[in-house]
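A.B. asks: These protein sequence lines are chains B and C, in that order. All residue numbers for the first sequence refer to our numbering, where the first residue is 1 and numbers rise by one. All residue numbers for the second sequence refer to our numbering, where the first residue is 1001 and numbers rise by one.
Just so you know, not all the hints are guaranteed correct.
[To be verified] Examples of chain C residues lying across from chain B (beta carbon under 10 angstroms, computed): (1) Ala1065; (2) Ser1071; (3) Ala1130.
[To be verified] Across the chosen pairs, the derived CB separations fall in these ranges: (4) C:Asp1086 <-> B:Tyr269: 54 to 62 angstroms; (5) B:Asp272 <-> C:Val1105: 28 to 36 angstroms; (6) B:Ser301 <-> C:Val1105: 27 to 35 angstroms; (7) C:Ala1046 <-> B:Asp272: 54 to 62 angstroms; (8) C:Leu1192 <-> B:Leu237: 48 to 56 angstroms; (9) C:Phe1167 <-> B:Ser301: 49 to 57 angstroms; (10) B:Ser265 <-> C:Arg1139: 53 to 61 angstroms; (11) C:Arg1149 <-> B:Asp272: 36 to 44 angstroms; (12) C:Ala1046 <-> B:Ser319: 26 to 34 angstroms; (13) C:Thr1137 <-> B:Ser301: 55 to 63 angstroms.
[Stated by the list, open to error] Sample of chain B residues with no beta-carbon within 10 angstroms of chain C, all distances over it, derived: (14) Leu23; (15) Ala373; (16) Ala374.
Hints in this document: simulated from the structure, not taken from any laboratory. In this text, a Cβ means the ideal position worked out from N, Cα and C, and glycines have one as well.
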Amino acid sequence: MDERSVGIVQTQYVRLFEPPNELRLDSGEKLGPITVAYETYGELNADRSNAIMLCHALSGDAHAAGRHSPDDAKPGWWDDMVGPGKGFDTSRYFVICANVIGGCMGTTGPSSINPRTGRPYGLAFPVVTVADMVRVHRELLRHLGIESLLSVSGGSMGGMQVLQWAVDYPDVVRSAIPIATAAQQSAQGIAFDVVGRRAIMSDPKWRGGNYYAFNDPPVDGLALARMVGHITYLSELSMRRKFGRRLQDRERYGYDFATEFQVESYLYYQGDKFTERFDANTYLYITKAIDYFDLTNGKASLVEAFRGVRAKFLVIAFSSDWLYLPSQSREIVSALKANDVDVSYCEIESDYGHDAFLLEVEEQESLIRNFLAAVARESGVT
Amino acid sequence: MSVAESTGQVGVRRLDYDVIVGLVEPGSRVLDLGCGDGLLLSRLIAEKGARGAGVEISQAGVQAAIARGLSVVQGDLDQGLADYQDKSFDWVILNQTLQSLLKPVLVLDEMLRVGRRAIVGFPNCGYWQARLQLLLTGRMPSDRNLSYRWYDTPATRLLTIKDFRAFCAEHGIAILREVYLGGQMGERRHLLPNLRAETGIFVLAGDGRPSGRRLE
């Protein structure tokens, strides 16, 4: 096995917020118990000062690095960045990644069994927010006996969690690396998400969210939602380079509605593959959480929202990302500077669009490794 | 390529850095505009215990500066310094970058707003070798160390020490100090600097220039 891999890893589970200590959500509802799926890589040092929290994006999970078994075909979602000698160097740092609340990869979500009814929650699951996700993971840290984080990092929705962590727990977070993200979901982002949700809810198999008993989930709606979403992760240039107008299995146009363009075939494939591993209701809940995300919520401005933040920041954006634009990252940087927060910003040249945060490994690796080394040095972490 | 690297002094002991490090008092808050790979900033932190931040336009420069453990923001100075509050720095440095700016007046104005004092260092086009080259060959002086030509040089603003003095006088900017570096030896020359200095380094007073009062 690759010596820069964390090797074989196992997802762990913990039950938190046991009644009567339920979690109070932003919506006002209470929820508990909550099972949290998480993985850890590397060793926690003696003074517990080398922990790094990774936050996953919409369709991610707790499995950030390594493989679950020797014949596991695919490693974790950020395997390129997490391992001995990699950007998040597991020979130096103790890295934690946990699935978010509302998810379908082991953490309590709409497909989990509601203890009150003995059946899956479905739409009885309360609406959650990015701040709720972070609250749950803060409790996971307590469970692990970790009082401070050397860093918290993640891209896209993961980046939103990073910002929320820094704002909500300034005493815990020593540095923050939000990547390809924004301090609030844009109208355009909400617009794409609502198309996805409508696709799912229009699928007759969705059955008002109570499809779990039927063994016939709304895969068409979910696949369509994913197809729309996937378009926003690419860029015009990356699509042109990857597919152009090339046809899949034909020499010339068929003048029918069969799948004939390569890009068409690719989106179908991505949509269908997604339905094998993802729950349609979770897609509704997580996109809703993203849409609600607005760090300025209840505050006069983003500058106000960052008041009290003490983490040192490294903000990373990608030039061709049109889902979360570099200008949205610069807004974050600007508001942090207005608060005299120590902040670095790098806009990485890339043609990959939003997906760049998972693909542009080399540039991010050196940035993150060097940034973390400086933070560790300044914090006296050895 | 970073802006600082474009000045053709790569690999040579940076005498301009020595001068600037000498000017800055220990413990100062410093903003380095066009900080390149962050070498000057890291020297200011190491040798003067400065608290520093940088702005750099190139991704390579930002990467290199972060590798030095510095806080650097990738940005275009021609967009101004709106993120920074009035007088939030003791020193704002613009070294070997003025000549690359599209809006030098805006940037100088912003420097004097944001900093208590400013340091501006630039190549002097009045230097005798440059004058001689244009006079004798009839062609624009090209950078001696790097092979920039008129069509590919990042230097879009060509000025002399006299020009900069005149600019400051016209705009009511107080020059606190001038340092000249000349020739390969880098000694300071006070006689006929506009002719004999390769580089001019000016210390400007930022006092009395609150935001909202523009140079022009």
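A.B. asks: State for each hint whether it applies.
C.D. replies: Verification of the hints:
no. : hint                                       : result
1   : Ala1065                                    : 8 angstroms, holds
2   : Ser1071                                    : 5 angstroms, holds
3   : Ala1130                                    : 34 angstroms, violated
4   : C:Asp1086 <-> B:Tyr269: 54 to 62 angstroms : 56 angstroms, holds
5   : B:Asp272 <-> C:Val1105: 28 to 36 angstroms : 59 angstroms, violated
6   : B:Ser301 <-> C:Val1105: 27 to 35 angstroms : 29 angstroms, holds
7   : C:Ala1046 <-> B:Asp272: 54 to 62 angstroms : 57 angstroms, holds
8   : C:Leu1192 <-> B:Leu237: 48 to 56 angstroms : 55 angstroms, holds
9   : C:Phe1167 <-> B:Ser301: 49 to 57 angstroms : 36 angstroms, violated
10  : B:Ser265 <-> C:Arg1139: 53 to 61 angstroms : 58 angstroms, holds
11  : C:Arg1149 <-> B:Asp272: 36 to 44 angstroms : 56 angstroms, violated
12  : C:Ala1046 <-> B:Ser319: 26 to 34 angstroms : 33 angstroms, holds
13  : C:Thr1137 <-> B:Ser301: 55 to 63 angstroms : 57 angstroms, holds
14  : Leu23                                      : 36 angstroms, holds
15  : Ala373                                     : 7 angstroms, violated
16  : Ala374                                     : 4 angstroms, violated
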